[in-house]
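Colleague: Just need the whole structure built from these sequences, with the hints factored in.
Protein chains in written order, with our numbering: chain B, 1 to 370; chain S, 1 to 307.
Rather than coming from a laboratory, the hints here were simulated on the basis of the structure.
A couple of the hints might just be wrong.
[Stated by the list, open to error] Computed spacing ranges between beta-carbons, pair by pair:
{"hint": "1", "chain 1": "B", "residue 1": "K73", "chain 2": "S", "residue 2": "L223", "range": "32 to 38 Å"}
{"hint": "2", "chain 1": "S", "residue 1": "L223", "chain 2": "B", "residue 2": "E116", "range": "23 to 29 Å"}
{"hint": "3", "chain 1": "B", "residue 1": "K73", "chain 2": "S", "residue 2": "E197", "range": "53 to 59 Å"}
The structure displayed is predicted, hence computed values, not measured ones.
C-beta atoms are modelled at their ideal positions from N, C-alpha and C, and glycine is treated no differently.
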Amino acid sequence: MTSEFAVELRDVVKQFTTPEGNLLNAVDHVTMQIKNGEFFSMLGSSGCGKTTSLRMIAGFEWTTEGEVYIEGKPMGHTPPFQRKVNTVFQSYALFQHMTVFQNIAFGLEMEGAPKEEIEKRVKRALEMVQLTGMERRKPKQLSGGQQQRVAVARALVKVPDVLLLDEPLGALDLKLRKEMQLELKALQQQLGITFVYVTHDQEEAMTMSDRIAVMSNGRVQQMGRPVEIYERPANRFVADFIGESNFFEGRIKSLSGKEAVVFIPQLNAELTGIAVSEGLVNGEDVTVSIRPEKVQIAEKGLDVNSFTGRVTNTVYIGTDTHIFVDLNGKRVKIFEQNRISRLDPGSFYTIGQEVLLVMWTDNVLVLKKD
Amino acid sequence: MLKRLRENKSAQGTLLASPTMLWMLGLLIIPLILTMVISFGKRSPDGNVIYAFSLDNYIRLFGYSTDCDGGQASCFNPLYLQILWRSISLAFKTTVWVIVLAYPLAYFIARATPKRRNTFLFMVLIPLWTNFVIRVYAWMMLLRKEGAINIILGAAANFLHIPFQPLEMLYTPGAVLVGMIYEFLPFMILPIFTSLEKIEVPLYEAAADLGANAIKTFLRVTLPLSMPGVVAGTILVFIPVMGTFIVSDLLGGRQVILVGNLIQRQFLDARDPTFGSAASLILMIMTLIVTYFYTRKFGFGEEIVVA
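Modeller: As structure tokens, then:
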């Protein structure tokens, strides 16, 4: 380990030509530093540049501008087979004409490892992914989950500096996916290898990652620990993309220190004592965001930041009840956990019922208007 | 009855297959049996078949001759064995050359952009729109003593002030080989292309990712995964080359006689259908033996072959 960072992208741009002949920045000035031993995820919807970024680390694509560093070394046009990174492909890309053993041994044979060592290491890799005894099967004779494990073993057997995973669980059903998430995370902690994980599934990213880069339109929207991304989204896109949020358009009415009063024309009301991040100025148009589970339905309001509304709909989904409240024409979504077992319809909110919503200052976020 | 048919899947299958079955029975199985029967017959002096059970035709094919120099009653004449051997070895040579030429081209086409790929495939197929015989005649025009190749070479030699003697290319074994390769090339290109096209790009990337350079990727991944195409192409080329007579007839003249020519002449010129039938059956058996051993080792090309 020569560098603090396993992978570093410095101001990387990847330009493609669209079928219409236009130039498109699939990756648009991305800078990220991935620490050694970290489980790092790139999260975003399709076309956000996450897979392209991963492919530039692997060496399948070269940067148009900027540079990719692996263990502190600039990669330039180093071909994939000379990089100490290995990839788990979305489609697994297993060699169908080889057995499980041959698939896993392939990378070691390319290194010219002696036969006994290959056998030993393949055996260990199979143990690691719990596929002992499957050596002589062909990939087609395995289930999707087993094929996925072979793909992981084939990449990890090379003991790479960095393991790149491109939506590796996308083809599995939900239950198996959740199992594999925990297994992959455990494997990563046990081996201490840096994992760079690409996914569009926010829950998956949250479950496994030490840090997440939320991407859209080729740019990193926010980078941070899962809790930071969820609790302190940097902008409306992140607040909207990760979890759910109620948004209100507003304007900063007064600012004293870091506390502000925000006027919300839609509600014809103010929120007071709200913490705002630096860079926002008095009079600025902002977006106010509050998570549905952080809006409280109360018996009695506070002097400030309480609003009366009318229930328009309720949806019971087991763990939670989703309550939709009309607040001066604005629909607000509230999640309330069903912490007490009950059946009586009278104990739930009814449509048309008047309720008092309390938004605690800590729960309200003021975001720069996009 | 219709109701019962609707419920009976196997009867449905039989019904659907029956037109083809009848076709095969009438035009393949029965003629084959007739050929076999005739091959054991004898030729009457006026060229008709006398039905009998005689192995004379087969004995003659394997070298027994009653037409000997020096007045013996019988002697060994390897003429027909030589023809058989020539056919097999030409089929081998053609197949190998066709693989060597078709593979890089198929690889190139498979890796081209989809639009260009269609253009290239179209170009491969265009010659097949012209009649087989006409294409062989075109080669005669090229290879002849006064043909295009000699004219160009002559002009070049003249320009460089080198003495030039027109090359004798037509009516040589080489001409037959070139003609065969040309005729059967598309039948190798297409199956190899198909199997190469099926290889997904991530497989090449996975190989590179695991440390394989271009050569190792080709040998360990591309080639084994495209073997079904090579095998299918080999079957499509080897079998017809064994039996064809037009290429050798037109480009080989009297020089290069293959089993196909021998059979054709027995039926048309020599008017000995019994000997022609025997030669046909031997050709079929030889082809079957070679194909049997080949497919036992490599499969029919329908499944992925382990390297």
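Colleague: Against each hint, give a clear statement of whether it holds in the structure.
Modeller: Results of checking the hints against the structure:
| no. | hint | in the structure |
| --- | --- | --- |
| 1 | B:K73 to S:L223: 32 to 38 Å | holds, 33 Å |
| 2 | S:L223 to B:E116: 23 to 29 Å | holds, 27 Å |
| 3 | B:K73 to S:E197: 53 to 59 Å | violated, 37 Å |
Violated hints amount to a single one, hint 3; each of the other numbered hints is respected by the structure.
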